[in-house]
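2 protein chains.
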Amino acid sequence: MPEPVPHMSPEEFRRVGRELIDWAASYMASVGRRPVTPSVSPGETAAKLPLSPPAAPEGDWDAIVRDLDAIVLPGLTHWQHPRFFGYFPCNASGPAILAELVSAGLGAQGMLWSTGPAVTEIETRMLDWLAEAFGLPPCFRSDADNDGRLGGGVIQGTASEGALAAMVAGRARCRRAMGVEHDDGPDPVFTCYTSEQSHSSIVKAAMVAGIARSASDRARVRLVPTDDGLRLDASALASMLAEDVARGRVPVFVAATLGTTGTGAFDPVPAIAEAVRTHAHPAAGPAWLHADAAWGGAALVCPEHRGMLDGIEHADSLCVNPHKWLLTNFDCDLFWTRDRRSLTEAMSITPEYLRNAASESGQVIDYRDWHVPLGRRFRALKLWFVLRHYGLSGLRAYIANHVELARGLEARLRADARFELPLARSLSLVTFRCRAGDDATRALVERINAGGEAFLTHTVAPVAGAGGVRTPSYLARVAIGATTTEAADVDHLWALIDDAAG
Amino acid sequence: MPEPVPHMSPEEFRRVGRELIDWAASYMASVGRRPVTPSVSPGETAAKLPLSPPAAPEGDWDAIVRDLDAIVLPGLTHWQHPRFFGYFPCNASGPAILAELVSAGLGAQGMLWSTGPAVTEIETRMLDWLAEAFGLPPCFRSDADNDGRLGGGVIQGTASEGALAAMVAGRARCRRAMGVEHDDGPDPVFTCYTSEQSHSSIVKAAMVAGIARSASDRARVRLVPTDDGLRLDASALASMLAEDVARGRVPVFVAATLGTTGTGAFDPVPAIAEAVRTHAHPAAGPAWLHADAAWGGAALVCPEHRGMLDGIEHADSLCVNPHKWLLTNFDCDLFWTRDRRSLTEAMSITPEYLRNAASESGQVIDYRDWHVPLGRRFRALKLWFVLRHYGLSGLRAYIANHVELARGLEARLRADARFELPLARSLSLVTFRCRAGDDATRALVERINAGGEAFLTHTVAPVAGAGGVRTPSYLARVAIGATTTEAADVDHLWALIDDAAG
Numbered sequence: 004m005p006e007p008v009p010h011m012s013p014e015e016f017r018r019v020g021r022e023l024i025d026w027a028a029s030y031m032a033s034v035g036r037r038p039v040t041p042s043v044s045p046g047e048t049a050a051k052l053p054l055s056p057p058a059a060p061e062g063d064w065d066a067i068v069r070d071l072d073a074i075v076l077p078g079l080t081h082w083q084h085p086r087f088f089g090y091f092p093c094n095a096s097g098p099a100i101l102a103e104l105v106s107a108g109l110g111a112q113g114m115l116w117s118t119g120p121a122v123t124e125i126e127t128r129m130l131d132w133l134a135e136a137f138g139l140p141p142c143f144r145s146d147a148d149n150d151g152r153l154g155g156g157v158i159q160g161t162a163s164e165g166a167l168a169a170m171v172a173g174r175a176r177c178r179r180a181m182g183v184e185h186d187d188g189p190d191p192v193f194t195c196y197t198s199e200q201s202h203s204s205i206v207k208a209a210m211v212a213g214i215a216r217s218a219s220d221r222a223r224v225r226l227v228p229t230d231d232g233l234r235l236d237a238s239a240l241a242s243m244l245a246e247d248v249a250r251g252r253v254p255v256f257v258a259a260t261l262g263t264t265g266t267g268a269f270d271p272v273p274a275i276a277e278a279v280r281t282h283a284h285p286a287a288g289p290a291w292l293h294a295d296a297a298w299g300g301a302a303l304v305c306p307e308h309r310g311m312l313d314g315i316e317h318a319d320s321l322c323v324n325p326h327k328w329l330l331t332n333f334d335c336d337l338f339w340t341r342d343r344r345s346l347t348e349a350m351s352i353t354p355e356y357l358r359n360a361a362s363e364s365g366q367v368i369d370y371r372d373w374h375v376p377l378g379r380r381f382r383a384l385k386l387w388f389v390l391r392h393y394g395l396s397g398l399r400a401y402i403a404n405h406v407e408l409a410r411g412l413e414a415r416l417r418a419d420a421r422f423e424l425p426l427a428r429s430l431s432l433v434t435f436r437c438r439a440g441d442d443a444t445r446a447l448v449e450r451i452n453a454g455g456e457a458f459l460t461h462t463v464a465p466v467a468g469a470g471g472v473r474t475p476s477y478l479a480r481v482a483i484g485a486t487t488t489e490a491a492d493v494d495h496l497w498a499l500i501d502d503a504a505g
Numbered sequence: 004m005p006e007p008v009p010h011m012s013p014e015e016f017r018r019v020g021r022e023l024i025d026w027a028a029s030y031m032a033s034v035g036r037r038p039v040t041p042s043v044s045p046g047e048t049a050a051k052l053p054l055s056p057p058a059a060p061e062g063d064w065d066a067i068v069r070d071l072d073a074i075v076l077p078g079l080t081h082w083q084h085p086r087f088f089g090y091f092p093c094n095a096s097g098p099a100i101l102a103e104l105v106s107a108g109l110g111a112q113g114m115l116w117s118t119g120p121a122v123t124e125i126e127t128r129m130l131d132w133l134a135e136a137f138g139l140p141p142c143f144r145s146d147a148d149n150d151g152r153l154g155g156g157v158i159q160g161t162a163s164e165g166a167l168a169a170m171v172a173g174r175a176r177c178r179r180a181m182g183v184e185h186d187d188g189p190d191p192v193f194t195c196y197t198s199e200q201s202h203s204s205i206v207k208a209a210m211v212a213g214i215a216r217s218a219s220d221r222a223r224v225r226l227v228p229t230d231d232g233l234r235l236d237a238s239a240l241a242s243m244l245a246e247d248v249a250r251g252r253v254p255v256f257v258a259a260t261l262g263t264t265g266t267g268a269f270d271p272v273p274a275i276a277e278a279v280r281t282h283a284h285p286a287a288g289p290a291w292l293h294a295d296a297a298w299g300g301a302a303l304v305c306p307e308h309r310g311m312l313d314g315i316e317h318a319d320s321l322c323v324n325p326h327k328w329l330l331t332n333f334d335c336d337l338f339w340t341r342d343r344r345s346l347t348e349a350m351s352i353t354p355e356y357l358r359n360a361a362s363e364s365g366q367v368i369d370y371r372d373w374h375v376p377l378g379r380r381f382r383a384l385k386l387w388f389v390l391r392h393y394g395l396s397g398l399r400a401y402i403a404n405h406v407e408l409a410r411g412l413e414a415r416l417r418a419d420a421r422f423e424l425p426l427a428r429s430l431s432l433v434t435f436r437c438r439a440g441d442d443a444t445r446a447l448v449e450r451i452n453a454g455g456e457a458f459l460t461h462t463v464a465p466v467a468g469a470g471g472v473r474t475p476s477y478l479a480r481v482a483i484g485a486t487t488t489e490a491a492d493v494d495h496l497w498a499l500i501d502d503a504a505g
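One line per chain: the protein sequences are A and B, in this order.
When you line the first sequence up against the numbering used here, it's residues 4 to 505, in that order.
When you line the second sequence up against the numbering used here, it's residues 4 to 505, in that order.
I should point out that these hints are in silico values taken from the structure, not numbers from a laboratory.
A hint or two may mislead.
A pair counts as met if it fits within one copy or between any two copies, since identical chains are not told apart.
To be verified - Below 20 Å or equal to it, Euclidean Cα-Cα: the simulated EDC-like pairs (lysine to aspartate or glutamate) are:
1. Lys51 to Asp63
2. Lys51 to Glu135
3. Lys51 to Asp72
4. Lys51 to Asp146
Being a predicted model, the structure only gives us computed values, none of them experimental.
All chains should be modelled from the sequences, with the hints used to inform the complete structure.
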């Protein structure tokens with residue numbers, strides 16, 4: 004027989020595991036004392052690593068732990084820093100981290116019900132719990148019939164993957180309605196719609212799905228103009244749909260955003276749904292309406308923020324990322340549909356090696372048919388731990404706290420003549436600019452970020468200036484939502500803004 | 004201000020974290036004493052969970068840990084069981100589990116270099132380390148120029164996602180060569196090719212990419228016949244390519260499998276590459292050649308198994324999943340390309356909120372342009388910990404041990420008149436049938452699985468019977484490769500086979 008394999012013994016796993024639990028606890032407790040962004044140059048981290056892999060076991064876990072401090076930490080942007088205000092947050096929390104540990108320890112696979120019944124059933128229940136926690140209409144629950152199309156939710160990796168799944172489901176539903184799923188003639192020209200302000204993942208999904216020919220294919224992915232609040236203009240959407248249907252094109256997918264990345268705009272779902280229904284292709288039926296609430300949806304735990312759900316019962320799918328602003332480590336995109344049948348018909352293939360009695364009984368969910376990957380880890384554990392640890396009241400307090408902090412920052416900015424807010428605060432996202440102009444705003448963001456005490460990002464958005472003309476303007480973005488951000492951190496940010504604006 | 008948020012204190016995180024480290028260590032050490040598969044019925048696990056989420060924090064971590072034992076474990080298929088011989092393995096290991104813990108604790112995001120320089124640079128280095136560990140040709144290394152197309156590797160979630168990325172890159176490359184990426188006329192008809200024995204993920208990728216109209220679209224996803232060893236027949240592929248090109252179709256993607264899921268067949272890459280080159284579409288150029296070594300590629304750590312790399316320098320991309328058989332927890336699909344430019348051109352979009360100086364300098368890698376998701380967690384840590392803990396010698400011993408165990412099982416089966424092996428063992432995968440026929444083989448698999456002491460799966464493959472005629476036959480599959488599988492476990496399996504065959 005070959006030589007023995009140097010597996011970690013249970014004792015060594017316990018010893019190093021405890022050390023790393025301590026290390027992670029210390030990191031979380033002290034990250035606020037580090038610069039938010041690193042000062043490394045390209046190649047600097049790589050230069051600290053050997054060029055070749057170790058030939059033999061190193062046998063020194065102390066050295067590995069030391070390298071986390073010496074090599075990894077100096078090269079990281081600290082997303083968990085309490086003064087990380089960039090992009091959108093990407094929350095980690097104690098309960099979610101521990102669930103990742105348990106999930107990794109179990110090494111389970113939930114591709115089919117039969118390969119991990121508890122993986123599947125806990126996931127289904129968590130999606131139903133969150134449908135309730137968010138006040139979603141019953142059509143998205145796993146027990147909803149929806150005229151035989153069934154409802155239900157699944158965990159996808161990211162909102163990008165959720166959008167792709169929805170788009171593919173929409174196209175397949177239209178193809179089937181047209182009876183061209185087995186036709187070998189030329190394909191109809193399929194089209195997609197989303198606002199000029201929506202996330203790049205929608206255009207990317209269209210490129211991957213083969214609907215767009217390139218990133219700039221505006222004939223097949225139509226970017227709908229927005230109103231002064233940077234919300235999708237539903238009448239412009241209606242015109243585009245009507246025009247495309249009249250030209251023989253087949254609209255298959257419309258994405259509404261509930262909280263855009265740039266400025267946190269909420270698209271008007273009722274008017275969008277109305278446009279989709281009214282301008283359905285006569286043979287293909289209505290386009291699939293997907294609502295991307297990746298960031299904003301977290302606020303649904305608070306009843307006062309549920310206005311965004313108006314009309315949501317007309318959406319075919321909806322996604323929310325607890326890995327952004329709901330204390331559940333990446334990756335965790337909640338994806339609900341009220342047309343499960345179209346989704347799984349677009350995605351399912353059953354080779355012989357995956358056949359099993361449970362699936363063939365039709366009594367179970369096989370989640371591999373809800374997305375691109377086959378394998379899937381046990382991510383529902385994170386939601387279970389987070390919901391049990393925080394409870395709905397804790398999650399509400401969490402969101403309400405950040406919204407309140409953002410309100411305070413907005414008030415300070417509005418009260419100061421150096422700044423202006425062309426757009427209203429959206430939940431915990433505040434955008435602003437310097438009255439002195441774009442260069443001044445850019446310089447302010449760069450100055451704050453260079454100091455390392457806080458981190459902001461920016462966007463460029465067509466906002467109304469003097470005389471009401473909309474021109475692209477450079478806006479600083481403050482997205483409040485890191486797990487441990489408190490009032491003192493926003494006070495600190497305000498001091499930095501005050502100082503940087505001179 | 005709203006009420007305080009009940010975050011876990013560092014002390015509580017340490018206390019529960021240590022408890023869960025112990026719990027995971029005990030699970031791993033004792034999983035071999037559990038039944039491999041659970042005896043739960045559909046709905047049984049869900050019935051143990053409340054119908055609604057907790058309104059308030061539960062505040063009792065002991066109860067959560069108890070529920071892991073009471074609710075989760077009885078509902079799991081134990082993929083880490085030493086007598087799990089089903090599908091392909093899905094390895095967990097101590098070092099990889101601990102890396103997942105650290106990654107979760109850091110909560111870092113590697114979508115852009117600038118959002119986590121160390122996340123990106125350690126990933127690039129790990130892919131270069133593994134290119135060396137596997138003996139890949141230099142064209143796949145991150146420093147390879149390849150006539151300006153550049154090489155390099157990335158971690159994708161799964162081989163399904165890797166295949167989709169490769170297919171989309173191939174289509175975009177062909178579109179660009181044809182000059183139709185900005186054309187608004189009817190699209191060319193694109194086609195893909197893979198063997199009848201390849202993984203369902205290839206057909207699924209074509210459905211998602213919009214190349215196949217349905218799961219059964221054999222005009223656009225052509226399934227190439229196989230030889231008696233169930234390897235892709237390259238001359239049949241050449242005929243299909245020639246026929247399609249002559250009809251004006253545009254072959255964009257060919258997938259060769261290095262270790263098929265059903266029987267572990269290795270497709271002949273040199274002859275496939277030759278067919279792809281010879282039958283390139285005159286305007287579009289050659290199809291993208293992707294090699295799927297998701298399972299079999301792990302064996303590349305052993306020089307004696309590198310025959311599968313013959314001709315691999317002609318492949319445009321290659322993937323290997325350390326999460327299958329190389330001790331690195333799911334998800335971790337290594338994806339290398341020698342045409343980075345075509346991949347990133349097919350995937351990249353840069354909205355304003357992601358613009359940054361480092362990306363625009365061109366000196367760094369932004370991995371979000373290598374795959375569908377935007378966000379990405381710090382998965383390279385797993386590879387780093389695993390390589391440092393085991394060293395290449397430890398990984399070689401690991402693979403060699405399983406191959407040796409499979410060789411022993413194969414010898415026992417061959418020596419027993421009740422069984423036959425129509426196909427040779429492939430690495431650590433043994434397929435066999437009962438001479439008494441398909442029903443007997445099926446009954447044998449079911450009897451073993453019902454006992455809970457070991458778990459096998461099956462495939463149906465067209466193997467030569469009496470007179471050399473190939474007919475679909477039910478084969479039992481034994482995939483040896485769980486992290487802790489040892490000789491005693493395979494002895495145990497043999498006793499079960501011996502007994503079940505009567």
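Here is how each hint holds up against the structure:
1. With identical chains, the CA atoms of Lys51 and Asp63 are at most 20 Å apart within one copy only, with a shortest distance of 18 Å there and 43 Å across copies.
2. In the homo-oligomer, the alpha carbons of Lys51 and Glu135 lie at most 20 Å apart only across protomers (18 Å), although the nearest pairing inside one protomer, at 49 Å, exceeds that limit.
3. For the homomeric pair Lys51 and Asp72, the shortest alpha-carbon distance inside one copy (12 Å) is at most 20 Å, but the shortest distance between copies (43 Å) is not.
4. With identical chains, the CA atoms of Lys51 and Asp146 are at most 20 Å apart between copies only, with a shortest distance of 17 Å across copies and 53 Å within one.
Going through the hint list in order, the structure satisfies each hint without exception.
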